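There are 2 protein chains.
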Amino acid sequence: MYAVKTNSVQKKVIHPGVSIKWLIKREDGAPSFEMRLLVIEKGGSTTGRPHPFEHEVFVTAGKGKIAGDGETIAVTAGDAILINPNEKHQIINSGDEPLEFICIIPNGKEDRIK
Amino acid sequence: MYAVKTNSVQKKVIHPGVSIKWLIKREDGAPSFEMRLLVIEKGGSTTGRPHPFEHEVFVTAGKGKIAGDGETIAVTAGDAILINPNEKHQIINSGDEPLEFICIIPNGKEDRIK
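First to last, the protein sequences are chains A and B. First residue of the first sequence: 1, per my numbering; consecutive thereafter. First residue of the second sequence: 1, per my numbering; consecutive thereafter.
Hints in this document: simulated from the structure, not taken from any laboratory. Quantities reported herein were computed from a predicted structural model and do not represent experimental measurements. Certain hints may be false.
If several chains are the same, the list does not tell them apart, and a pair holds so long as it fits within one copy or across any two.
With a cut-off of at most 30 Å between alpha-carbon atoms, the simulated BS3-like pairs for lysine-lysine come out as follows [unchecked claim]:
#	residue 1	residue 2
1	Lys12	Lys42
2	Lys63	Lys5
3	Lys42	Lys88
4	Lys109	Lys11
5	Lys25	Lys114
6	Lys42	Lys65
7	Lys109	Lys42
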């Protein structure tokens, strides 16, 4: 068993207004997928670049929008979102508080931002 | 993109005091892993039976304990836990409020409780 408290994990800024904490990594023993917590500050957004693997997202705090291929959806705490491989997905904080979400990906796909 | 609100998903009781909501399933298009929300009511716990695949857990509300192989850890909102394949893991609500957590598993491993 491997356990970690979000507050004890160092955050890494990966884009202006966007930070990541790697909670469960393959280096921690994860057999096939990795868990991260992302925080987008007020006014911030991710780049929207697609990638050839899925994201599974669970929003834990805040309000936002996800702009995908031809659709934009509103999201808030308690929403789960599957972003398919190769799908455009810009995640935008549309509220006044930080937008926070868990994001799970297959092992080893984003090692460059560890 | 597939999105769902936790409140709109039907819960299924899988054990006395323990319910599950399947948020992102392979039937929804998930390529390799599935996301569920589990709720353990006050005084409740899971069975602890091990299984030959991993769980990745993120606690969203409440307080609990996880009894593993030779260790018991306390968990609370914001904690992430990797339960390894074949590892014993009884999850116990040790607080006064429901213990709620996201639990991700590889595709198709718990179809019997869908």
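Hint check results:
1. For the identical chains of this complex, Lys12 and Lys42 are intra-copy neighbours only, at 17 Å inside a copy versus 36 Å across copies, given an alpha-carbon limit of 30 Å.
2. In this homomeric assembly, Lys63 and Lys5 come within 30 Å of each other (Cα to Cα) both inside a single copy, at 23 Å, and across copies, at 13 Å.
3. Taking the shortest alpha-carbon separations for Lys42 and Lys88, only the intra-copy value of 21 Å comes in at or below 30 Å, while the best inter-copy value is 41 Å.
4. Taking the closest pair of Cα atoms, Lys109 and Lys11 come within 30 Å of each other only inside a single copy of the chain (18 Å); across copies the shortest separation is 32 Å, beyond that limit.
5. For a Cα distance limit of 30 Å, the shortest separation of Lys25 from Lys114 qualifies both inside one copy, at 9 Å, and across copies, at 27 Å.
6. Taking the closest pair of Cα atoms, Lys42 and Lys65 come within 30 Å of each other only inside a single copy of the chain (12 Å); across copies the shortest separation is 34 Å, beyond that limit.
7. Proximity of Lys109 and Lys42 under a CA criterion of 30 Å is satisfied intra-copy only: 27 Å inside one chain copy versus 38 Å between copies.
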